[in-house]
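> First to last, the protein sequences are chains V and R.
So for the first sequence, my numbering puts the first residue at 141; every next one is plus one.
So for the second sequence, my numbering puts the first residue at 141; every next one is plus one.
No lab work stands behind these hints, which were simulated from the structure alone.
Be careful, since some hints might not be right.
One copy or any two copies: either way a pair holds, since identical chains are not told apart in the list.
Straight-line Cα separation of at most 27 Å, BS3-like style, residue types lysine-lysine; simulated pairs [unchecked claim]:
| no. | residue 1 | residue 2 |
| --- | --- | --- |
| 1 | 181 | 328 |
| 2 | 259 | 175 |
| 3 | 142 | 162 |
| 4 | 181 | 326 |
Next come the chains, spelled out residue by residue.
Number of protein chains: 2
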Amino acid sequence: MKLYGYFRSSAAYRVRIALNLKGVTVEHVPVHLLKDGGQQKLPTYLRRNPQALVPALELDDGTVLTQSLAIIEYLDAAFPGPRLIPDDPVLAAKVRAVALAIGCEIHPLNNLRVLNYLKGPLGQQKDAVDAWISHWMLNGGLDAVEALLPGDQFCFGNAPTLADCFLIPQLFNARRFNVSYDGFSKIKRVELSCEKLDAITDAQPARQPDAE
Amino acid sequence: MKLYGYFRSSAAYRVRIALNLKGVTVEHVPVHLLKDGGQQKLPTYLRRNPQALVPALELDDGTVLTQSLAIIEYLDAAFPGPRLIPDDPVLAAKVRAVALAIGCEIHPLNNLRVLNYLKGPLGQQKDAVDAWISHWMLNGGLDAVEALLPGDQFCFGNAPTLADCFLIPQLFNARRFNVSYDGFSKIKRVELSCEKLDAITDAQPARQPDAE
Numbered sequence: 141m142k143l144y145g146y147f148r149s150s151a152a153y154r155v156r157i158a159l160n161l162k163g164v165t166v167e168h169v170p171v172h173l174l175k176d177g178g179q180q181k182l183p184t185y186l187r188r189n190p191q192a193l194v195p196a197l198e199l200d201d202g203t204v205l206t207q208s209l210a211i212i213e214y215l216d217a218a219f220p221g222p223r224l225i226p227d228d229p230v231l232a233a234k235v236r237a238v239a240l241a242i243g244c245e246i247h248p249l250n251n252l253r254v255l256n257y258l259k260g261p262l263g264q265q266k267d268a269v270d271a272w273i274s275h276w277m278l279n280g281g282l283d284a285v286e287a288l289l290p291g292d293q294f295c296f297g298n299a300p301t302l303a304d305c306f307l308i309p310q311l312f313n314a315r316r317f318n319v320s321y322d323g324f325s326k327i328k329r330v331e332l333s334c335e336k337l338d339a340i341t342d343a344q345p346a347r348q349p350d351a352e
Numbered sequence: 141m142k143l144y145g146y147f148r149s150s151a152a153y154r155v156r157i158a159l160n161l162k163g164v165t166v167e168h169v170p171v172h173l174l175k176d177g178g179q180q181k182l183p184t185y186l187r188r189n190p191q192a193l194v195p196a197l198e199l200d201d202g203t204v205l206t207q208s209l210a211i212i213e214y215l216d217a218a219f220p221g222p223r224l225i226p227d228d229p230v231l232a233a234k235v236r237a238v239a240l241a242i243g244c245e246i247h248p249l250n251n252l253r254v255l256n257y258l259k260g261p262l263g264q265q266k267d268a269v270d271a272w273i274s275h276w277m278l279n280g281g282l283d284a285v286e287a288l289l290p291g292d293q294f295c296f297g298n299a300p301t302l303a304d305c306f307l308i309p310q311l312f313n314a315r316r317f318n319v320s321y322d323g324f325s326k327i328k329r330v331e332l333s334c335e336k337l338d339a340i341t342d343a344q345p346a347r348q349p350d351a352e
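Pulled out of the complex, with its shape left as it was, chain V reads as follows (with noise of 0.2 Å):
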């Protein structure tokens, strides 16, 4: 399988902690995000996914399935190893409710395209900017993720599930947009859990090939 994705996006980050949680191997093919105007953009890639987003996972059949969580989902459903989605349907909501909070109310407001609009079309300075990316982590993002959080060693219990794969790539993004989570200690226990373990750590961003 191939994954195509970029070294700073937090989508692509997510899959690649759930490719190393499941122990799944695959072939990493970077997008650049930057370059070329974009490399999602391009018509090679747009074939791949019309949404012109990282990540996306084509099958060895040459399927390509696109949006990190659909893809984690997959990933846990066909193959072995560590579940990432608890079988309890009422544990799996909250897991994927955490996972939600984070991919639908912070990140989609923060990644690129919006923040490009922000200095673009509505002509917004650094420093606007910078207030909606904080107000956006902070009300009725992170801290409502600390709200729904049990207190576990890890997002919901004593391993990492589909909660903790998105929320990892999350506090990456908030400390790249000196954006502080000190005050949530529960995602703060949770966040030093995760640095334990290689899967983890293994995900981050500068340690992948097209870091720069």
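Following the hints, complete the assembly by docking chain R onto the known chain V.
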């Protein structure tokens, strides 16, 4: 079970469709997003959903599930009736990807709290807000959904799935904001199929008890 929702919330609308398709009856508890400064921000509601968003599904034991996609996955796993997410992992990934293309890439940018931020802190006028709404629906939004659909009677196959639960409310939003999707022939075909099903039309905002 109780569903906390709002007639016009497209996230609540998705769950109403899923409940109807599964034949599951719940008590509907309206949370008015505009009255009282937003009833979703009242302490009684925040205890249920710290994200201050609808919908939330309260189970009979008091457990509260949040995030429409997580709620629909729960309903599909916990209740009999037609499967909304196919068993086949590859097809399931494609169904989820369409739902997520809408739930992550279109809806979060056009929901009430974001439009309020554009008008408030960013001081944008109606024309700029309308252009923002239209931009995200048609650029990497419904255009990408059209490309991801195979051209079946429903989003995938001959019966509605999770993808249709997400598409129909997004089309309601498009009409509400005067964004035309007439050029998307696969989406239009799916819409026509969905309009023939009472389970889907009964979930329309105008047919809810809290509709104004």
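> None of the hints should be skipped; say for each whether it holds.
Verification of the supplied hints:
When the C-alpha separation of residue 181 and residue 328 is checked against a cutoff of 27 Å, the pair qualifies only between copies, where the shortest distance is 26 Å, while the shortest distance within a copy is 36 Å. Only within a single protomer do residue 259 and residue 175 lie at most 27 Å apart by alpha-carbon distance; the minimum there is 19 Å, versus 33 Å between protomers. In this assembly of identical chains, residue 142 and residue 162 lie within 27 Å of each other by CA distance solely inside one copy; the values are 16 Å within and 36 Å between copies. Proximity of residue 181 to residue 326 under the C-alpha cut-off of 27 Å is restricted to the inter-copy arrangement: shortest distance 23 Å between copies versus 38 Å within a copy.
Checked against the numbered hints given earlier, this structure breaks none of them.
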